[in-house]
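Colleague: One letter stands for each residue in the lines below.
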Amino acid sequence: MDFTRRETLALGAGAAAMTLLPAHAFAQAAADAEMVGTPDEFLAGASASEGGLDLTAPEIAENGNTVPISVDAPGAVEVRVYALGNPTPGVATFRFGPLSGAQFASTRIRLAGTQDVQAIAKMADGSYVTAMKTVKVTIGGCGG
Amino acid sequence: MRHMALTAIAAVLAGTAAFAGGADDDTLILNDEIEMVTKTAAPDHLSDAMDEIISGWHFRSDETQQLQTDDFENQGMIFADYGAEAWDTVEGSEDKSCASCHGDAAESMVGVAATYPKWNDGAEEVRTLQMQVNDCRTTRMGAEPWKYDSGDAINMEAFVTSHSRGMPVNVAIDGPAEATWLDGKDIYYTRYGQLELACASCHEQNYGNYIRADHLSQGQINGFPTYRLKNAKLNGVHSRFKGCIRDTRAHTFSPGSPEFVALELYVKSRGNGLSVEGPSVRN
Amino acid sequence: MASGVKPRVKVPKSASAGDVITIKTLISHPMESGQRKDSSGNTIQRSIIWRFTCDFNDQNVIDVVLAPAISTNPYFEFEAQVPESGEFKFTWYDDDGDVYDTSKKISV
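Chains as they are written, first to last, in my numbering: chain A, 9 to 152; chain B, 16 to 298; chain C, 98 to 205.
Honestly, the hints are just simulated from the structure, not real lab data. Treat the numbers as computed from the prediction; the structure is a model and nothing was measured. Backbone N, C-alpha and C define an ideal beta-carbon position, used for all residues, glycine too. Worth double-checking, as some hints may not be accurate.
Unchecked claim - Only some residues are given here: those of chain B computed to face chain C with a beta carbon under 8 Å:
no.	residue
1	F87
2	Q90
3	I93
To be verified - Label pairs and their in silico Cβ distance ranges:
no.	chain 1	residue 1	chain 2	residue 2	range
4	C	G194	B	D39	45 to 53 Å
5	B	R261	A	T122	41 to 49 Å
6	B	S272	A	D124	43 to 51 Å
7	A	A120	B	T42	31 to 39 Å
8	A	D124	B	D77	19 to 27 Å
9	B	A56	C	E181	51 to 59 Å
10	A	E49	C	D195	23 to 31 Å
11	B	P191	C	K103	40 to 48 Å
12	A	A54	B	D77	34 to 42 Å
13	A	E49	C	E184	31 to 39 Å
14	A	D62	B	C116	51 to 59 Å
15	A	T122	B	A56	33 to 41 Å
16	C	D116	B	G107	44 to 52 Å
17	A	L92	B	G157	51 to 59 Å
Generate the whole structure from the sequences, applying the supplied hints.
Modeller: This is the structure we're talking about:
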């Protein structure tokens with residue numbers, strides 16, 4: 009039985025997909041339960057006002073691989089961060105527990121290019137506040 | 016001399032010089048303890064080319080600079096930690112680890128990286144730190160040598176180098192090392208590739224200018240091994256040389272080759288007087 | 098599991114009761130996004146840490162969900178209240194089901 013190159017590739021891909029299924033299925037289950045999602049999904053029709061949420065991000069990021077950001081939202085129960093120009097906008101969800109010292113968190117994120125980074129905080133009373141920053145991501149030098 | 020536009024590329028770069036891609040005036044203090052020398056007078060052998068030598072740290076953004084000020088934030092230290100584990104790991108036929116002979120690296124390795132590459136009398140050659148580590152592995156431990164610039168080799172280099180941070184780079188360029196140093200100098204000023212660029216074209220004549228959206232530094236190597244944001248890992252200096260020469264569209268030398276050993280000695284000597292920073296953080 | 102995963106945390110050794118302290122955490126992990134392709138053009142399978150939690154004496158401080166847009170070697174900095182002596186517990190959850198944890202004691 010002869011296979012064309014294309015058929016062989018397709019078979020190979022199918023076999024690879026089957027082999028990978030268990031681990032991948034777990035990843036999906038985890039992601040579905042705890043997805044950061046999109047701003048619209050988080051807001052679920054509610055509107056977000058400005059103020060009460062500080063989003064810190066550099067105006068110009070030297071490298072999109074590691075962009076330091078922080079969020080500070082006094083009184084928030086949850087803050088979500090989105091990179092609106094990434095292939096999937098979700099970046100992180102921060103939920104603050106009873107022993108959090110401040111509704112503050114800092115991390116390093118990936119940006120696929122120059123874009124807007126948005127943070128949305130859900131406050132204790134169920135209202136939302138938001139903040140947005142444009143981050144310019146520079147292309148490198150000679151690529152060495 | 017620096018401002019002479021010697022190539023078409025340099026001419027374009029000169030046009031953007033007004034936007035100040037140059038070194039900033041920040042001060043690098045490590046872990047709130049060690050103040051690093053990141054700018055100082057050029058060593059005598061460079062006096063015809065430049066007055067001041069400047070660490071690549073000054074050419075980076077504040078956010079990137081910040082990552083190097085604290086060992087916890089510096090992701091290069093993750094790899095130095097792997098090197099620390101290897102230091103204590105017994106390998107090879109002689110049942111030895113690095114620690115079997117050298118004890119606590121925090122004492123025995125202080126200042127070592129600042130003087131490498133250096134002449135080895137017995138072998139009658141200039142050796143880089145990685146070559147010396149591999150000599151220990153093969154002749155004293157009876158273990159396999161590490162591939163040049165491989166993960167294991169770089170982790171160990173980072174660990175050993177971390178114990179010299181804050182000490183001035185001080186490689187010998189005279190005596191038996193002089194011939195190798197001169198070979199390295201030749202390579203530094205030789206134009207390679209279809210773009211006909213020498214190391215000096217960018218890093219001596221155009222540092223402080225932009226290359227596309229990035230800053231051109233002096234190409235100092237006092238910060239190697241270097242954690243680069245670009246590939247999120249530690250990078251060896253020979254691999255960096257290779258990247259540079261490749262980008263001139265040339266066939267390049269290999270990591271560990273005699274050419275790159277000589278070039279490492281020469282380029283390191285251009286930073287004599289700057290603090291050892293490795294593992295540093297760069298773009 | 099992803100190889101060479103190693104958690105690191107930075108917590109003050111002591112504090113006064115009711116103090117708010119700063120905690121930093123870093124875990125070595127590739128955070129493979131699932132968006133990249135290898136040299137033969139095949140998509141590299143996603144492999145990330147998708148959740149991080151910090152608890153103090155079994156009470157939650159922060160609970161983070163991570164998307165692939167979190168950088169290699171995920172880093173977090175946040176603040177915690179310390180009502181009494183006890184132990185911080187840090188837990189990272191990998192896509193592949195692995196769980197990495199470490200803890201730090203603090204005395205008041």
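Colleague: Among the hints numbered above, which are violated by the structure, and what are their numbers in rising order?
Modeller: As far as the earlier hints go, only 5 is violated by this structure.
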